[in-house]
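Student: These protein sequence lines map, in sequence, to chains A and B.
Here this note's numbering is used: position 124 in the first sequence is 589, and no number is missing along the way.
Here this note's numbering is used: position 304 in the second sequence is 338, and no number is missing along the way.
If you're looking for bench data, these hints aren't it; they were derived computationally from the structure.
A hint or two may mislead.
[What the hints assert, rightly or not] Restraint ranges, calculated between C-beta atoms of paired labels, are given here:
{"#": "1", "chain 1": "A", "residue 1": "Val682", "chain 2": "B", "residue 2": "Asp503", "range": "38 to 46 Å"}
{"#": "2", "chain 1": "B", "residue 1": "Pro457", "chain 2": "A", "residue 2": "Gly488", "range": "55 to 63 Å"}
{"#": "3", "chain 1": "B", "residue 1": "Gly79", "chain 2": "A", "residue 2": "Pro679", "range": "43 to 51 Å"}
{"#": "4", "chain 1": "A", "residue 1": "Ala478", "chain 2": "B", "residue 2": "Pro481", "range": "45 to 53 Å"}
{"#": "5", "chain 1": "B", "residue 1": "Ala493", "chain 2": "A", "residue 2": "Asp655", "range": "57 to 65 Å"}
{"#": "6", "chain 1": "B", "residue 1": "Gly79", "chain 2": "A", "residue 2": "Ala686", "range": "20 to 28 Å"}
{"#": "7", "chain 1": "A", "residue 1": "Asp484", "chain 2": "B", "residue 2": "Asp503", "range": "19 to 27 Å"}
{"#": "8", "chain 1": "A", "residue 1": "Asp655", "chain 2": "B", "residue 2": "Ala121", "range": "51 to 59 Å"}
{"#": "9", "chain 1": "A", "residue 1": "Ala478", "chain 2": "B", "residue 2": "Glu271", "range": "44 to 52 Å"}
{"#": "10", "chain 1": "A", "residue 1": "Ala478", "chain 2": "B", "residue 2": "Asp503", "range": "17 to 25 Å"}
{"#": "11", "chain 1": "A", "residue 1": "Ala478", "chain 2": "B", "residue 2": "Gly514", "range": "40 to 48 Å"}
{"#": "12", "chain 1": "B", "residue 1": "Ala330", "chain 2": "A", "residue 2": "Ser776", "range": "30 to 38 Å"}
C-beta atoms are modelled at their ideal positions from N, C-alpha and C, and glycine is treated no differently.
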Amino acid sequence: MDLRLLAAEPSAAEREAIDAVVGADASNGHRVARDDRGRRHLLLPALRAAQRRVGWVSAGALGYAARRLEVPPADAYGVASFYALLALEERPAEVLHVCTDLSCRLAGAEVPDGAHPSPCLGLCERAPASLLTVAGEEPREVQLPESAPPLPQHGDESLRLLRRIGVADPDSLDSYRAHGGYAALRRALDLGPALVLREVAESRLLGRGGAAFPTGVKWEAVARQPRRPHFLVCNADESEPGTFKDRVLMEEDPFALVEAMTIAAYATGCEHGFVYVRAEYPLAHARLESALAQARARGFLGEDVMGSGFSFDVELRIGAGAYVCGEETALFQSIEGYRGEPRNKPPFPVEVGLFGQPTVVNNVETLFNVLEIVEGSGAAYAETGTSDSTGTRLFCVSGHVARPGLYEVPFGTTLRELLALAQSRPPKAVLLGGAAGAFVGPDQLDLPLTFEATRAAGVTLGSGVVIVYDESADLVDAVLRIAEFFRDESCGQCVPCRVGTIRQEEALQRLAAGRSHGDELEVLADLTAVMRDASICGLGQTAANAVASAIENLGVFAR
Amino acid sequence: MFGAGGGTSSYEEVRETDLIVLWGSNARETHPIFFHHVLKALHRGARLIVVDPRKTASARWADFWLGIDVGTDIPLANGMAREIIAAGLVNTEFVERATDGFDAYAASVEPWTLEETERVTGVPASAVREAAHAYARADRAQLCWTLGITEHHNAVDNVFALINLALLTGHVGRYGSGLNPLRGQNNVQGGGDMGALPNRLPGFKLVEDESERARFEAAWGAPLPAKAGLHLSEMFEAMEHGELRALYVIGENPAQSEADQTRARRLLEGLDHLVVQDIFRTRTAEMADVVLPASATWCEGEGTVTSSERRVQRVRKALDPPGEARDDIEIVYELGRRLGVDLGSPAAEDVWNELRSLSAMHAGMSYARLEELGGIHWPCWDEQHPGEQFLHARLWEPEVEVRAPFKPVEHDPPVDELSEEFPIRLTTGRRLESFNTGVQTGGFSSPLHRDGTAIRLAAEDGARYGVGDGERVRVVSRRGAVEAPVRYDTGLRPGLAFMNLHFPDEVETNVLTIDATDPQSGTAEFKATAIRLEKL
């Protein structure tokens, strides 16, 4: 794209779509205007709106959005070109994005002519999957296949996080309340913020997004910050290949997320929350928007929540195809309208987070656990699982199993038991934790699925990914795909990751093609250490994990 | 104001205030250093109101922009005042203790109801009300203005209208609240302080005050004229009448900066003798009988400058002036010698120390202290005095000796009236990278100069008069015509046009402007010209 953005004019349709996000241009013929600055955070929504209207982001649309939001055009171009799903070249209104990631490869994914290959779409339980995007006056996105298999554990009385799924109507607030909804918020308002914080601390709940940080510690740190406002961010940018748990929760039980966010905000003193959902989850967007609107209309959000005097509202923000935006500070950058490049830490988000303010950021599954903790008690919650891994855990099981899908089991369940539930074929290998996780061999099936046991074994639960590879599977192909994934998703900001992910893929390609220089394994070991030690964020730090584990645990490329 | 010509507040207070009003100022482009302090305030959570006919770059940073019609500042200020009074938001304690003439002022603004204000200014009544309430309710507020207020035929009245608002709300004389005319150069303030005004001696003492004059005469050992001199516009009038026959121009370029340029140039050409002292060969210098090449004082000489916040700062010499260029002080005493007066050969510090002996407000500012403290705000009465961060704290003392008077002012629309023949209001101004007539900034090519010669219009006016974006047109006023390319500008509403004055060699904007001047300040009404467009 030629960067003469200032000269290009948007089409009427593009102007209309962008105005719908940023407000009509009142600069001409008007006498009063307010606050053009500080609206940069609308840049990504505006670009997304333009693309949904006409199918791509033209120079005119980009320039117009930049002008309206007072963002320098080159800067706006930097943002637009950061996201894989924003097209800066003209393309048809209908685009099929075909998942070619880990689980879908196992299911024989093929990219037809004219379609775009895509990283994991989070539809692994129905692999091979794809996403159809249709631009126009009534834009839509369709997840294919459209129907999902029912929850494998449907009807199981012991389910906690999943108990309403397939039971309550996800489009009805009344149905949610009939199935126990908003009892937890009522109890939280009775307890007061301090006691809610105590219950969460006593539950010893650890974050479910991958980093396993104690939720109570995070909440207390934000609640303590004298600087206002505080922000709450729900990280629903679930993009780890093989992960789909948060999507199922948001699609099938959206009110629970809204309620849990309200409790978190109440406990930590936030008046404004964002839920940042990846672009590939259109059904979740629709269900959440509907849930937010209903909650607002019925006094569960907005001014004076449930008559308590507490005010809180949630805004839905949608990504545009960037795995790295799942990293919490990259996610803030994305919401603020910048390229989704992670920030250095410290300072940590509890002190300097979204818009530079103290910020609570929690994963969807983490927040779901809060409902049970508040409704019962932290101590009761901690009785499930092990002493270091309390509660239950969701696992996204896919690959060579008869019953792929989302499973909820108490911490401490072994991998073998989980695979039995999913009617797995005998595995040659299991990928735990996704692309940033690690492979384990058939000799490690008795591994208890807890934070402490996986840590001791040098692997991770990560985001709860369990992909099964049977004897027929091509592990070299899986390893190459993981390397390609990280090379593609590296934001390029820091050298160890930008260069390291490329060198890693090159070395693996040489090994796979039998064109070894003889030193690839040493190079890979070096890269693993360098990326882990010197990358700014978790993406680079974990980009060699799965590859290294395949070499160490499974003997892939063994000499 | 109130007797001393300087802004009341320091930059620190601007950073620490709660509300900033930029009235007739596009500080983001024209006072970028000052705007840094504004930005720091905004990042801290302060609010910004911008009053400007154009939706300028500054307005785009504002919480709230009021797009008034050119030359209706007094109606807007009076309308805000009436609303403040009607809503019971007057700082009655301050008004009763520290001001005079409230009742007459209140009566003078009474006709300016919100509806009437909207009718005259074009600003919606609700916005006038909101701005009035925001200013009156703010705990701290800074009211800042520039040429949008002063380049009018009733400039001084415009300033009084703003001062009245500050008196009404008590936004003066306190930390964080004040009134600030922003200065367009690093030493505009210092020039005035040193007495480079027709009616003032150094330290703002009046020429016509006999005892003050006697003090200076004694120190200088020479009689001084008993009457105030002429300001710039009066000089041109005197030239017109043949009373002024010789002119000594220091660091000015009137051949290009004066309004109604055709006339200005004719009068300059008719002089018996013209001397120009400058660092560049300006258009005026080209007309001169004698040119005195001067040093660039910011790097080729010693001395001081005084910023908008009244902070006197040292300037140090880094380079020798090129060629035959000489230091300004040296030129003055050499000139004295040729005229038969031996002024000695004082260094910059000697001149400064003489000033300190005559201007009480500079008395405590030795070079050593200026160095040590990184500059000092005037007034600084003695070598123990730290300087005043803000002025007029006396207005908040238990006993106010000299009260600040309200000065009721009446609306007086721009002289160059709009008519069927001249239906478009042209206003002129500056842009970020250029400086006045371009003497210092036009000598090199830069992409930032792009479209600097254009006449800017709303796209609606382009359609109405059949001139496209980029098309060259003839711009005609009652005094002259220039050709310029058209640029559409979303910051302008229909009926309002804008031109820069930085590129007079290509487009002589000031051929169009009117030399209607304020009798007190001598500034011409550059901001309000009636024009029409003619297709070429």
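Student: Against each hint, give a clear statement of whether it holds in the structure.
Tutor: The hints, checked one at a time:
Between Val682(A) and Asp503(B), the C-beta spacing of about 59 Å breaks the proposed range 38 to 46 Å. Against the hinted window of 55 to 63 Å, the Cβ-Cβ separation of Pro457(B) and Gly488(A) comes to about 31 Å, which falls outside the hint. Taken as a hint, the range 43 to 51 Å is violated for the pair Gly79(B) and Pro679(A), whose Cβ atoms sit roughly 32 Å apart. A C-beta distance of roughly 32 Å is found between Ala478(A) and Pro481(B), which places it outside the suggested range of 45 to 53 Å.
A hinted range of 57 to 65 Å for the beta carbons of Ala493(B) and Asp655(A) is consistent with their spacing of about 59 Å. For the pair Gly79(B) and Ala686(A), the beta carbons lie near 23 Å from each other, so the given range of 20 to 28 Å is met. Distance hint check for Asp484(A) and Asp503(B): the Cβ-Cβ separation is about 21 Å, which falls inside the suggested range of 19 to 27 Å. Remark: the range hint 51 to 59 Å for Asp655(A) to Ala121(B) is contradicted by a beta-carbon distance near 42 Å.
Between Ala478(A) and Glu271(B) the beta carbon distance is about 60 Å. The supplied range of 44 to 52 Å is therefore violated. In this structure the hint that Ala478(A) and Asp503(B) lie 17 to 25 Å apart at CB holds, the actual value being about 22 Å. For Ala478(A) paired with Gly514(B), a C-beta distance near 46 Å keeps the hint of 40 to 48 Å intact. About 59 Å separates the C-beta atoms of Ala330(B) and Ser776(A), a value inconsistent with the hinted range of 30 to 38 Å.
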